[in-house]
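Trainee: From first to last, the protein sequence lines are chains H and F.
Counting in the numbering used here, the first sequence runs from 135 upward without gaps.
Counting in the numbering used here, the second sequence runs from 16 upward without gaps.
In short, the hints are calculated from the structure, not lab data.
Heads up, the beta-carbon is just placed ideally off N, CA and C, and yes, glycines get one too.
Please note that the accuracy of each hint is not assured.
As the list claims (entries may be wrong) - DSS-like mimics (lysine-lysine), calculated; alpha carbons at most 25 Å apart, straight line:
| id | chain 1 | residue 1 | chain 2 | residue 2 |
| --- | --- | --- | --- | --- |
| 1 | H | K246 | H | K176 |
| 2 | H | K246 | F | K79 |
| 3 | F | K79 | F | K35 |
| 4 | F | K56 | H | K213 |
Unchecked claim - The following label-pair restraints were derived from C-beta to C-beta distances:
| id | chain 1 | residue 1 | chain 2 | residue 2 | range |
| --- | --- | --- | --- | --- | --- |
| 5 | F | K29 | H | E149 | 42 to 48 Å |
| 6 | H | R200 | F | R113 | 21 to 27 Å |
| 7 | H | R135 | F | Q117 | 27 to 33 Å |
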Amino acid sequence: RKEVEQDPGPFNVPEGATVAFNCTYSNSASQSFFWYRQDCRKEPKLLMSVYSSGNEDGRFTAQLNRASQYISLLIRDSKLSDSATYLCVVIADGSSNTGKLIFGQGTTLQVKP
Amino acid sequence: GAVVSQHPSWVICKSGTSVKIECRSLDFQATTMFWYRQFPKQSLMLMATSNEGSKATYEQGVEKDKFLINHASLTLSTLTVTSAHPEDSSFYICSARRQVSQPQHFGDGTRLSIL
């Protein structure tokens, strides 16, 4: 089983739609969680950290469910510019001293006009 | 603006050449930097953890003599792909963070093509 699992998609949605991505992680001791965005042939860019209480940044909302070892990202009012691959990233407790990131495969989003 | 700079962005060279990639943290000191490799349509895979002033820690299956890492200062780590071959062609990305618990920031990446 992969340490971090995501549905690779692609998710094809019209502009203005709301879309949700899910991610599960296998290590219950994981402590830190992030969503990164990666555009084609570019480096990943931090989208947002994910906190236990949930957090929102504009059209983006991230949720963490520790009991189910599940992370989600909700994008409201999708824009064409949201088209990218969204990476679920976890820092496991055992690696927290080094900050080693564990990446999911990524979920591809295509927003259509 | 960018907080991690990576150079060069593109490299095309002949088989057998050694290629050096630089990673700099621009406005903070990074005792630890990370080197990743990404093949098309695949996840980023951590190659090694670069530690300032000491030896790098390599992930299982990554040849340390093939991928030389030097972290000579708190703002610079270099990855040298020695005697590169076509199978080494990939997207190499570095990252750095200010503190252990904080997210990592990535360099622009280096697209390496070995002919």
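Trainee: Could you run down the list of hints and mark each one as holding or not?
Mentor: Hint by hint, here is what the structure shows:
no.: 1; hint: H:K246 / H:K176; result: holds, 21 Å
no.: 2; hint: H:K246 / F:K79; result: violated, 45 Å
no.: 3; hint: F:K79 / F:K35; result: holds, 14 Å
no.: 4; hint: F:K56 / H:K213; result: holds, 23 Å
no.: 5; hint: F:K29 / H:E149: 42 to 48 Å; result: holds, 46 Å
no.: 6; hint: H:R200 / F:R113: 21 to 27 Å; result: holds, 25 Å
no.: 7; hint: H:R135 / F:Q117: 27 to 33 Å; result: holds, 28 Å
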